[in-house]
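Visitor: Chain by chain, the residues run as shown.
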Amino acid sequence: MDPGKFLLFATGGLADAAYLFIVAAGLSLVFGALRVINMAHGSLYMIAALVSVVVANRLGAGIGFLPSLIAAVVVAAAIGAVIEVTVLKRVYGHEHLVQLLATYAIALIIGGAARLIFGPNYRTTTAPVQGSLTLLGYSYSVYALVMIVAAALIGVAMYGMLFRTRLGRNIRAAVSDPELLNASGVNVTLLYTTVFVIGAALAGLGGVIVAPSQAVDPTIGDSVLVLAFAISVIGGLGSIIGSAVGALMVGEVISFGLITPATNSFALAFVFIVMTLVLTVRPWGLFGRPES
Amino acid sequence: MRSLLPRRQADRVRWGLSILLLVLAAIVPPASQYLEAQGLIESSRFEIVLGVTALILALWAISYNLMLGYAGMVSFAHAAYYGVGAYTVAILLQRYNISYYAALAIAPAVAAVVGIVTGFVALRAVRLYFSLLTLAISQLLYSVAEGWYGLTGGDNGINGITAPDQLTDYPTLYYFVFLIVGVSLLLMFILVRSPFGAALLAIRENRERARSVGINVKAYELAVYTIAALFAGLAGALFPLVQPSVVPSMLFWTENATPVVVTLLGGVGAFLGPGLGAFIYTGLYNSLSRDFPYQLDVLLGAVVLGVVLVAPGGFASVPDLLAQLRRRIVGEGPVAAEAETKGEAMQMLDVTRAVEAHAIQVEPVARGEVLLKLENLSKSFGGLRAVEGVNLEIHEGDRHAIIGPNGAGKSTLFNLITGRMRPSAGRVWFDGRDITGRPPHLIAKAGIGRAFQITMIFPRLTVLQNLQYAMLAHRGRTVQPWGLADRIYRDEAMQLLDAVGLGPYADLPAGQLSHGDQRAIELAISLALGSRMILLDEPTAGMSAFETRKAMELVRRIATERNLTLLFCEHDMSVVFGTARTVTVMHQGRILTQGTPEEVRSDPEVQAVYLGELDVEDEEAAPA
Amino acid sequence: MSGVVGFHRWMAAAGAALMVLAACGGNSSSSGAVTFKGTKNIGLSIALTGQSALYGHAISQSMKLAADDINAKGGINSYKINADILDDATQVANAVNNIKSLILQDNVVAMLGNVTSAQCQATSPIAKQNKTIFIAATCNSYQLTTEPDLINPYYISVVPNTFMEGTAAGQLAAKTGAQKIFIVSPKYLFGISETNAFVAELKKVAPNATIINSPSTWYVPFPTNPRWDSTINAIQASKPDLVYSNIFAADEVNFITQALQVDPSFFQKYPMTTLASVDELNALGAKYPLGMHLYQRAPFFALSNPAMNAFVTHYHSVYGEYPSDWAVMDYDAMMMYAKAANAAGSFDPDKVRAQIVGHSFDSLRGYKFTIRSGDQQANVGETVGTTGDSGGKYPFPILVNSTNLKGDDILMPAVIMQQLQAGQCEKTPGTANTTDFSACPAWKTS
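Residue numbers (our numbering), protein chains in the order written: chain A, 1 to 292; chain B, 1 to 624; chain C, 1 to 446.
Same shape as in the complex, but just chain A (with noise of 0.2 Å):
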């Protein structure tokens, strides 16, 4: 194979790998610290960017772009943050069936509503940054570097809120020694409530990153879902690097699995083989630490 082609398939793999990253490490912090399995967490993401692309395209391609952010972001947050505090509340420490049982409800509520709203379509917008390069032969959109920029810098910027701030300090405690936080006099319950909504921000973050470059319609969240439950478990619950690293195999193992034909209906199976190997020889993952 030569460079310019294997570069073409390793920056595909990328920028999957960039969106992929960003929605499952929200999914793995509140994995890491709640100890929830949020099946709404697709719905979320899946929010975002229909949110995005709607106020995108009313505003107009260019200038649209940093007010559907901050808008698709803050409503996936706000629905979040409702959610944390009217139902999830309700049933920490139940059984984690409940839990996931609570969670499921919520996203057949959001599911069905965003149907009813925006209906059932795709739809899709322009990305911010157009244009394309070509390198070594092949030709790129400029917007899928940009994808890769942005969640290189979004994970460092967890990585710097994790490990430099109070507020990281106490989700790394929420994550590898809950009974310490208890007894540390930290208000858990504003805690535990200030992680969802981090979570859910980065769905909907990695939701209305990865819209320009799709069709967007009500059942994205889906597949996303069950890719961001591998990613997590691979990479370890509450790893923000596990998270990346996780990430970085699926996209790969999708970019070239599926252009060999030897790997090519495999390619998806892979990734689920990987996270069985993980689960029943290492369950904490690869980055992750074991519940003590």
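Worth flagging that the hints you see were computed from the coordinates, not collected in a lab.
Mixed in with the good hints, there may be bad ones.
As the list claims (entries may be wrong) - Computed Cβ-Cβ distance ranges for the label pairs, DEER-style: (1) C/GLN129 <-> B/ILE116: 55 to 65 Å; (2) C/SER438 <-> A/LEU136: 18 to 28 Å; (3) C/ALA422 <-> A/GLY131: 55 to 65 Å; (4) B/ARG385 <-> A/ARG166: 33 to 43 Å; (5) B/ASP507 <-> A/ARG166: 18 to 28 Å; (6) C/GLN129 <-> A/ASP2: 52 to 62 Å.
Unchecked claim - Straight-line alpha carbon distances no greater than 27 Å define the calculated DSS-like cross-link-like pairs of lysine-lysine that follow: (7) C/LYS64 <-> A/LYS5; (8) C/LYS187 <-> A/LYS5; (9) A/LYS5 <-> C/LYS128; (10) C/LYS239 <-> A/LYS5; (11) C/LYS187 <-> C/LYS269; (12) C/LYS175 <-> C/LYS406; (13) C/LYS175 <-> C/LYS203; (14) C/LYS175 <-> C/LYS40; (15) C/LYS64 <-> C/LYS80; (16) C/LYS128 <-> C/LYS175; (17) C/LYS287 <-> C/LYS175; (18) C/LYS131 <-> C/LYS339.
All C-beta atoms, glycine included, are put in the ideal place defined by N, C-alpha and C.
Place chains B and C on chain A using the hints.
Guide: Just chains B and C now, with coordinates in the frame of chain A:
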């Protein structure tokens, strides 16, 4: 899922509702035809087909509830086994021209095989990770169905499946499915009432406790997982009768939402609950999906959310909820969530009767032999050495106490003996056999019983069931998938319960008892296990002085009459001195000294280690 | 944009109401003052949402229009016809539920076919079991009428099937002189069926052309595929002379949009031959690339004739849009049924069928088509051409240099059809669902 109605009446209501549901289900075809003739409904054919769909869904959901309601396992792979059953029938019919009836017999077997293999993998992990593993497995099976074009037709699925000619008449079809579903439900019902089912309930209530009464938890979980997969496969095999095509999306993990929602609607706690849910769901879905598909999603989500938050027991728990509501309205005030008992059990303890209870069985052994031997036993957690180089010999008939300050390693030592933890070094011998690192359920079967420091009972089972099921497990009867678990050993268990003062509470859920009474259950269980040696981990923790005296009197008497060996660790010195014949003192994971209680008490080293603690004890002993 | 359409719709509704009133209030010598004996339902389970919503929208509109027109002429056998339309979101399971509901609950006398062949594959057996006339105007895999397990005497096709279409596409591709061809196709019955036909025809008319990507990479998951970056990259990496595809509806719209984002001159570098309809042209509007080699089933702008022109005006006045290929074909389907049922004087499926098979019917496409016995396929044609500017006439490009291939020229040879139905053409002998015309004895020797 506490019931406020008296047990008997609640059961009667539930039985009545179940029978009503069965009767209604049985008359769907003639009822539909009657209604059509009267012009009240448009098409009886359609209603009958809906009924068949509901029956299949009921089978699928009830098989799911075997895992969920009875064993506490949350699986995302159940739809995959349903799909396997459907695909097996489709492939056999279309490709190999086998008769439908033969395919119907083969499909559940195929699903069971797939189930046991994938279940084995899935059960490598526990709880949350188990659920995630089932998700991964489900997606893998889905990829196979979607990708293996040669076998499964890939994305297309398999179409044009024709039902056998005898079943083209709709009422005949309905009764055929009714028969199959009915027999399957009967088999599952027998299973859940049997000792096997009792083991499942024990696992659901308290995995650790279940292990320590001799239940090989993983084996039972795998068994119920496979059985559930088998019945899911059967439901899937019936599916082509109503829809002549199978598609890969049937195996997608989100399809599991259907049996879960159905079970939730109908009620996790009642056997036929999911059956009720199936009919409700089918009716609701059909009437709304045509005209209000998106509103249906929102409505379904709202209903599920409502049920989860308000009535986790589903519609089957509505009578209970109404009773709660009625009491509130009538003004009896909110029912206290606390225990209904006042810890009087111990006060009523009749030691003589307890000692004679048949429930307690012990094998006679020659006096004085070494029963338990610990050889250089050590356990480290990372850099922390919890137990180091412990050597100990306990003889048959001994009463040996292990004391030491907090963090001395007493509980860890017990865990090493009973198999809850594996030692980092050293060996454990019991009755001449090396039991080092063996799983807890096998150690329990070998003859070591354990009473836990934290009360480990089965909270939602009755007091009587707690004892009965422990006995069933320990005596190896839980492999039996028929018979009524609640009848076996009933008299023996009642005798023991009466003796320890728990007789009046026999039918109460154990979780409702006061802490002290729960300790009594704990004690009864550990006594009934027919152990030759009992490990008592702080047996009198949380008991009053009076209860403590009574409990230890019981223990001593039984130890004497039945030649039981006692090994216990305690903080309460009066217990130590009153019961133990020999004492080991531990400090920082090592044995400090051993001897009779008096020797140990006057040892200056021991006093130094316990600085302040023995003084406190003395102060308490002195009158105020 | 929605505001304008909304206004048009309101006007259209008002216009329709006026028309209906006018029809009812006609003088007694015409069939104006009609009293109906009752109402009969004709059923349609269509993709009003989901991947093929573009089509479902047009089809349901056309069906309602047809029902109104039929009723204006007195209905069928003096019964008023109601278009009973349900949404199936392009999903197979929903289509099956819907058809059961339509047949068992609504007692429909006939059905129009679903959009995707996957759906028709599942619903046709149910129609057969219940003896309901099933007229396919969209789903078109030839297996639906020739695969031994799927043969259904009540299934009529008025749309060129995948054999006919793939053949037309092969001829189109050969004309471009392309030597290196890249294939992308949705992985289900339709995609595989049409691609096979394309490849077989290509071998015949352009033996020197090669397919440069291996067969296992031809197919992409169906139905929902919101991201096309892998395919776009794969095309770039292999640098073909021509891309052949039969992706359609939302997939086609998304693919073109995303490819243009990667490279605005993507389709100049890699010309494409693809299935299309007025719906895709309309959806992308001016953004639809020029120079694309399209094959379409019934584009109104290439089939100008009095009946079509009147229909276009009629449709546009009611709905404010141009009728797409699907609208045209479903209208034909409804009119065919009406004529046959009236001729039979009954709704009995066998009697109506007897009036369809072997008979000829008018078509908006400007010719009469005949339903041949055997596979009950109409000898309808296919239009091929290259996209160019409409010169301001329409809000989307049209086909310039278009050719209307005649149905008889691309129809599947009768002997092949017979061998297929006799089960002589199975790739894996004795195995169902592996029917392929290239495995027929007659094909091999031609």
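Visitor: With reference to the structure, classify each hint as holding or not holding.
Guide: Now for the hints, and whether the structure bears them out:
1. C/GLN129 <-> B/ILE116: 55 to 65 Å: Violated, at about 37 Å.
2. C/SER438 <-> A/LEU136: 18 to 28 Å: 40 Å, violated
3. C/ALA422 <-> A/GLY131: 55 to 65 Å: 58 Å, holds
4. B/ARG385 <-> A/ARG166: 33 to 43 Å: 35 Å, holds
5. B/ASP507 <-> A/ARG166: 18 to 28 Å: The hinted range 18 to 28 Å is violated for B/ASP507 and A/ARG166, with Cβ atoms some 53 Å apart.
6. C/GLN129 <-> A/ASP2: 52 to 62 Å: 56 Å, holds
7. C/LYS64 <-> A/LYS5: 51 Å, violated
8. C/LYS187 <-> A/LYS5: OK: C/LYS187 and A/LYS5 at ~25 Å, within 27 Å.
9. A/LYS5 <-> C/LYS128: 51 Å, violated
10. C/LYS239 <-> A/LYS5: Satisfied, since the Cα-Cα distance of roughly 11 Å is no more than 27 Å.
11. C/LYS187 <-> C/LYS269: 26 Å, holds
12. C/LYS175 <-> C/LYS406: Since the Cα atoms of C/LYS175 and C/LYS406 sit roughly 17 Å apart, the hinted pair holds (cutoff 27 Å).
13. C/LYS175 <-> C/LYS203: 13 Å, holds
14. C/LYS175 <-> C/LYS40: This hinted pair is violated, its Cα atoms lying about 48 Å apart.
15. C/LYS64 <-> C/LYS80: 12 Å, holds
16. C/LYS128 <-> C/LYS175: Violated. C/LYS128 to C/LYS175 sits at ~41 Å, over the 27 Å cutoff.
17. C/LYS287 <-> C/LYS175: Between C/LYS287 and C/LYS175 the Cα gap is close to 25 Å, so the pair holds against 27 Å.
18. C/LYS131 <-> C/LYS339: Roughly 19 Å separates the two Cα atoms, so the pair holds.
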